[in-house]
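Note that the protein sequences, when read in sequence, are chains A and B.
Numbering-wise, the UniProt record's numbering puts 104 at position 104 of the first sequence, and it's gapless, one number per residue.
Numbering-wise, the UniProt record's numbering puts 25 at position 25 of the second sequence, and it's gapless, one number per residue.
Simulated from the structure, these hints should not be mistaken for laboratory data.
Some clues are possibly wrong.
[To be verified] Partial chain B-side listing against chain A, Cβ under 8 Å, derived:
#1 E23
#2 A115
#3 D144
#4 H182
#5 R188
#6 A343
#7 L359
#8 V395
#9 M396
#10 A398
#11 G419
#12 A420
#13 H422
#14 Q423
#15 D432
#16 A436
Even for Gly, the Cβ is constructed at its ideal location relative to N, Cα and C.
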Amino acid sequence: MSGFQDVRDVMDISGPSESTPRAPPLKKQKTVEKRPDGITRELFALLGENPPPVAIVENKFKEKPKWMGKANPWEWKDFTNPARTDSLILRHWERKSKEPPDLEYRFSKFDVKVDIPTYSDGEYEILKDLDWSREETDYLFDLCREYDLRFIIIWDRYDFPNGKSRSVEDLKARYYSVCRSLMELRTPLNRMSPEETQIFNMLNFDKERETSRKKMANVLFARTPEQVKEEEMLLAELKRIVTNQQRTLEERKDLFNRLEMPSSQGSIAGYTGSQGLAALREFMVNSSDKNKKRKSIAMGANTGADGSQPSPAVASISEKASTAIAASQKEAIQPKKQARKLSGEEMKEYGVIYHDKLSQGIKFRSSMVATNVKGGTAQKVSQALAQLEIAQRLTMPTSKTIQKYEQLQSNVGILLDTKKLLEKVEQELRVLKAQQDAAKEDT
Amino acid sequence: MSHLHQTLSSNQAPSTVEYGGDEISAIVLDPGTAWTRAGFAGEDTPKSVIPSDYGVIDAVGDEPRKLFIGDNDVHAIRPGMEIRNPMSDGIVSDWDTAPLLWRAAITSRLTTTLAEHPLLMTEPSWNPPKNREKTIEIAFEDFDVPAFYLAKSGVCAGFASGKATGLVIDVGASNISITPIHDGLVLRKGCTRSPLGGSFLSDQIRAYFASAAIPLTAHYQVLSKNAVEAWKPADAVYKTFAPGQEPTDSYKRFQEERVLTEFKEYTAQVWTGPGPLPPSTGAHDAATSLLSTTGRPFEFPDGYNLVFNSERHRVAEGIFHPPSMLTNYAGHPDPSSTLGLNALIHASMKDVDIELKQLILNNVVITGAGSLVYGFTDRVNAEIAAAFPGPRVRVMAAGNSVERRYAGWLGGSILASLGAFHQLWISRKEYDEHGAGIVEKRCK
Ligand SMILES: Nc1ncnc2c1ncn2[C@@H]1O[C@H](COP(=O)(O)OP(=O)(O)O)[C@@H](O)[C@H]1O
């Protein structure tokens, strides 16, 4: 009924309207139960609070929307587009309105142009380039204007009669150098505003760099499937190494924690007695030691050694350490005095030992065994030594035995490394052989 | 009820700036080799699609030449009616008839007052300037349109998939064409094409039927048929013609082409690749077991039916690997010098700037009815991925066959209904002022 009237309204046909004015839309009573149609009330009640498990298809048309009032008419209307130079009249549907229509066509705002500079004959004298004729430069600038500086398109369409073949970079370099020179010509550098200087600097096109960058990009693009595969493999390898490195770092940290000293500040009186020393040792072995095996070895060493008696070596170290502290403290106050270096015999004679690095605090010589081997090998070395039933800690750690011990350690390390390398090479050999065989089969 | 709130009330004008549309009742015409498609801009399918093939009975004595255009006319059996096509190699070659077809496509279903509607036409990227000028002349002189524009069909097909930058692979009847586009403009240096389109595939199937002694009948030849088992001779009554009343050879071929298109649609399949289909090795076809596909049946109009195995792959292989094409017929393309689809893509990408290569390969659009053969897009995908292992490749093809068929038209329809496009039309006034040469300047 009213549908017909709507059509009339839209088409703006003022014919004899329906005799009765349209009744205002009936206010519907809001029902509490929103029971969908295709389902009986009893069944619906069974569902309770839950929504129906399946969508119930209502075999019903969409309700007619309740429009407010009369439909507005549309009009087939002429319009012009200010973005055009030729006042072409096109027509489109427009909402009929009493107000004067917008004068500006609303899509003309999308008509934006890039500002391309122009130059006079006089100015061109400065812009001269041996490689470019005036005509070709003009041609380039026309294309820049036509294609809004999209150089890839400009290059694609570039066809200067009898011209050289030019790369995208050639075109860019010429365009930007002309713009730069023009800018400088019109406003000398020292009178440019900061923004202008910024623009001026941006116009600096580095052709060489751009060319080589593209060359590299091309190489990257032209990778063969094998190269891509290899790259993927290398990346996986890198990832593996990085995660391993993390682990090694953690191990090392653990090691350092193990070596952490109780603070040397404060009285050492508590450690002077044999009981105290034993307690200190206990403390050091236990502190942050999560490795049960090491602990047991250490304890073994403990029982093996003459536990109750502090060894002279230990005592000498503690003495030395305290003198070292004294020395370093003195050092801080006065410039280092060059001590007379003792000869080998003298050193032996007086029982003097020089240490390369001595940190603060008390140390056992047995714990000063330099770890010449690092990382994973260190663990393997200690394993190997354990296998050979050589104690981890020396019972009598004199400087000589320690030297020997260190040597032994590093030799074992070297051997182990060599063994590992050998295994790796053999494995690689096997893989390559297998690949070779596979390739042979393939062909 | 919430959906009602989304519906605009009749008092409220839709905000056109939101979708950028401003419909000016323009007509969009996409003249292809197989079909000529026309419709109003802003709609999603062309209202009027007529075969580009037309029937003609040449003038005899006083009788002027008679044309039969459109589906209803061209399929009728008429003695002496030749079937011709005004296009060759995807562009107009018969300028006397092409405009008649265009006019018929528009006036039969859209409007009879051409002078009231701006006209947007599509053209292939290789359309020469002469042809373009001729087209604009016809639009203004013959059709008397108020405004005109000539858009590249590759760009339009890109728009139809929402791409302004990408690689458009269009498989039409006469060609496969590859058009790299950027920012809605064709990259001319990368445009390539080969004659291995839909008609080529038809020819290959025809050649295969001939070599395997499979009789090809057209629908018009069969009066009635009885069902027969596979491989059994047909049991049908064929139409007979009195001497002098037979349809022409071109008519027969045209009708057979419809059967071949059915074969392409239901039975032919492109080998998955990448790499060429392994060669057939006689009776124990190694390829068959390799393909491990089940055969697919096809029934000819006379009821003769059989199951095709590896042959249905082999007929399509020439498109990708020309040396594999069947050559037992006259006028086949040269298998050694014609570029297969892979080589074509490669040639297209060669001159694309490295900055764009990645982006373009990430937006490969496949369009044209010829691409609807089973497995076509998968093979293209596999071939591109194998040829360019580094970059990420994404191949898009409308799953909807209507959209695939009409992508060129649809893009034109979108373009011609955009508010921002209306400044690009070539107006009558501009044409009068500058002449036909203006098309080169304005339709880039
Ligand atoms: N479903 C289909 N499967 C394969 N090929 C088809 C299918 N439908 C049509 N074709 C073929 O596609 C070609 C027509 O493609 P089209 O894109 O319409 O060409 P044009 O743009 O040149 O008019 C014809 O050769 C036809 O046989």
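List of violated hint numbers, smallest to largest: 2, 3, 6, 7, 8, 9, 10, 15, 16
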